[in-house]
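Participant: Given only the sequences and the hints, what does the whole structure look like? Please build it.
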Amino acid sequence: MWWQATQRLRQDRIGMGALAVVGAFVVMIVLVSLHLLASDWAQERGVHYANPTFLGPGPDELAMIEPPPGQMLDLTAVDPLAPHYADIERRTRALATTLKPRIQTLPFGGDRYGRDVLKKAIKGAQVSIVVGLAAALVATFIGSLLGAFAGFFGGLIGDSLEWLYNVFTSVPYILLIFAFAAVSGRGIASVIVILGLTGWTGVYRLIRAEYLKHSTREYVRAAQAIGAPPLTRMFVHILPNVSHVILVQLSLNVVSFIKAEVILSFLGLGVSVDSVSWGTMLNEAQSELILGKWWQLAAATLFMAVFVTAFSQFTDSLRDALDPKLR
Amino acid sequence: MTSYLIRRIWQMIPTLVGVILLVFVLFHLFGGDPAEIIAGQNASAQQVEVIREQLGLNHPWWIQLWIFFKEVVTFNWGSSWATHESVSHIFLTRLPATLTIMIPLFLVTLVLSVPIALGVAYVRGSLTDRLIMMATTVALSVSFLVYIIVGQWLFGFELAWFPIQGWAPSLWTNLALYVPLPVLLAVLVSLAPQVRLYRSFFLDEIGQDYVRTARAKGLAERQVVFKHVLRNALIPILTDISLQLPGLFVGSFLIEVFFSIPGLGREVLLAVNRSDYPVIQATTIYLAVFTMVINLLTDVLYKLVDPRVVLK
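Sequences listed follow chains F and L, in order. Convert by adding 51 to the 1-based position in the first sequence; the result is the number in the working numbering. Convert by adding 102 to the 1-based position in the second sequence; the result is the number in the working numbering.
A hint or two may mislead.
Incomplete in silico selection of chain L near chain F, CB under 8 Å [said to hold, decoys possible]:
(1) 115
(2) 116
(3) 121
(4) 133
(5) 255
(6) 259
Label-pair restraints from in silico Cβ distances [stated by the list, open to error]:
(7) L/402 / F/82: 54 to 64 Å
(8) F/130 / L/135: 30 to 40 Å
(9) L/119 / F/94: 48 to 58 Å
(10) F/72 / L/286: 30 to 40 Å
(11) F/270 / L/322: 46 to 56 Å
(12) F/211 / L/345: 23 to 33 Å
(13) L/134 / F/128: 55 to 65 Å
(14) L/362 / F/82: 49 to 59 Å
(15) L/328 / F/78: 49 to 59 Å
(16) L/262 / F/130: 40 to 50 Å
(17) F/128 / L/135: 33 to 43 Å
(18) F/128 / L/191: 51 to 61 Å
(19) F/324 / L/262: 50 to 60 Å
(20) L/400 / F/211: 23 to 33 Å
Hints were generated in silico from the structure; no laboratory data involved. This one's a predicted model, so the numbers in the text were calculated from it and none came from an experiment. Backbone N, C-alpha and C fix where the C-beta goes; we use that ideal spot for every residue, glycine too.
Facilitator: This is the structure we're talking about:
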């Protein structure tokens, strides 16, 4: 079945194109994680809001400030520091200071501190995608495990898991995330835990239905007849037959959790201040647009849009390739 | 019908107890010490101890659970830790603003998405269909945040068609002046997923045998589409609407934050940021109740839309 699905996926040109884009992002993330790419994103190399290179250097804002008209007032008579100025001047000259030359333009512009926006977007891609992927893994794992138990055993276990599901789904999703965020700390790990613990219900629903269906199938009853214990039947016999559902759910979750992470980070409930994600970039971009500094917004939006579109397209193709009903 | 309603309401009780337990466990086990949050950083150990006594934090957990339970049932949540405003007052004063935004948004989206989806589903496979579907894919991949940031800048700042943000005490001023921009932006965002979803509902129906039969017996195309397809597709659409309804009450918190609208969503977010537990707990539990009621109403509505549905 997997071989057939791979064949089908290969024939899907849009799917393969999307896979190539996703693959490129994965390579980028691996390079970032190995500190081979964008490891110096936090260095302030450019001038304040450096222009993108293709726009050419911006006007020197300091030079544009006109000197105040009129004569400076002589305050020597009342200034208590006046006798010390000569001394202060002498002492400062004794200390060597070097002013680091700032670059006028950066490849895709700079932010408020002169950090390279392109590098920030690449580093942010790593944070956002890794958080989305990890949270999706957690949620899909919890959902599949609980769904398997609820669907396979039914009875008391099934009822109590159904109860848990009802409890989680009766609270609006965003409110549930807020409630979890209120009690947990900030940072990458808490975002993963929050999204993982709140996002398992969709997977649970589907996997439970699959296990309900499969647990009475003949191959499972045959396994029971030759003495396979319940856990073996669940995870050795049934699991491979429902794994395609899990895979599709996993990739659907990745997209929605990346979006959720961006919003949480934007609101200050996500990754910490010293780290960068697409959400924190958008947060900074909010006040930059009015100054005409559009590049940080463009970079974060573009990176996110390309990745999310490619990943959603790939998920669609994956589902088409794996869904037996469309065969 | 009556017995059905009674049984459904009876079944809500375990779920409600579960929600109360979930909130209690979450805040009790994982939340910070409430006494220290209230007392602030400069409080003496004695002050913290007094607050602990007042909140009943020195009791064993089952008594605290009982106190919590009583708070839920009697609607007596006390007051916000940060502002000392009573929680019920927060609800009553913040909800109107949220609804002023969310009801127009909900209606406009619905009125636009159903016809567009029906139209696109009718010409499925055509260039128009593929273009619109591609547009929705792209629209979906851009974060909501970007829509708001760019929209506020473009319509509020560059073109100056609308005030960038603000809120007035009068409903009509709000509707005329402050509501249009947030609603416009939110409609742009919610239209894409809605059209995709409803299109798939319509496609499911258009392919059915009864549609072919209706055409075969010579019904006018208008009757086939509006009487047969539309009415049947209304059932999944109704489910989707019922899933959205509870969300109307927390509002789109992002919209409220960006546009400084004094609504419930912004209040909850503020509460999260300042660890104001009573507000978060109360909102969570009451919205859960509300969701359950909406679900019940939807099931009853199914019966009205589709006489074949048997409630059991």
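Participant: Hint by hint, note whether the structure agrees.
Facilitator: Hint by hint, here is what the structure shows:
| no. | hint | verdict |
| --- | --- | --- |
| 1 | 115 | violated (11 Å) |
| 2 | 116 | holds (6 Å) |
| 3 | 121 | holds (5 Å) |
| 4 | 133 | holds (4 Å) |
| 5 | 255 | holds (5 Å) |
| 6 | 259 | holds (6 Å) |
| 7 | L/402 / F/82: 54 to 64 Å | holds (57 Å) |
| 8 | F/130 / L/135: 30 to 40 Å | violated (52 Å) |
| 9 | L/119 / F/94: 48 to 58 Å | holds (55 Å) |
| 10 | F/72 / L/286: 30 to 40 Å | holds (32 Å) |
| 11 | F/270 / L/322: 46 to 56 Å | holds (51 Å) |
| 12 | F/211 / L/345: 23 to 33 Å | holds (24 Å) |
| 13 | L/134 / F/128: 55 to 65 Å | holds (57 Å) |
| 14 | L/362 / F/82: 49 to 59 Å | violated (42 Å) |
| 15 | L/328 / F/78: 49 to 59 Å | holds (52 Å) |
| 16 | L/262 / F/130: 40 to 50 Å | holds (47 Å) |
| 17 | F/128 / L/135: 33 to 43 Å | violated (58 Å) |
| 18 | F/128 / L/191: 51 to 61 Å | holds (60 Å) |
| 19 | F/324 / L/262: 50 to 60 Å | violated (34 Å) |
| 20 | L/400 / F/211: 23 to 33 Å | holds (25 Å) |
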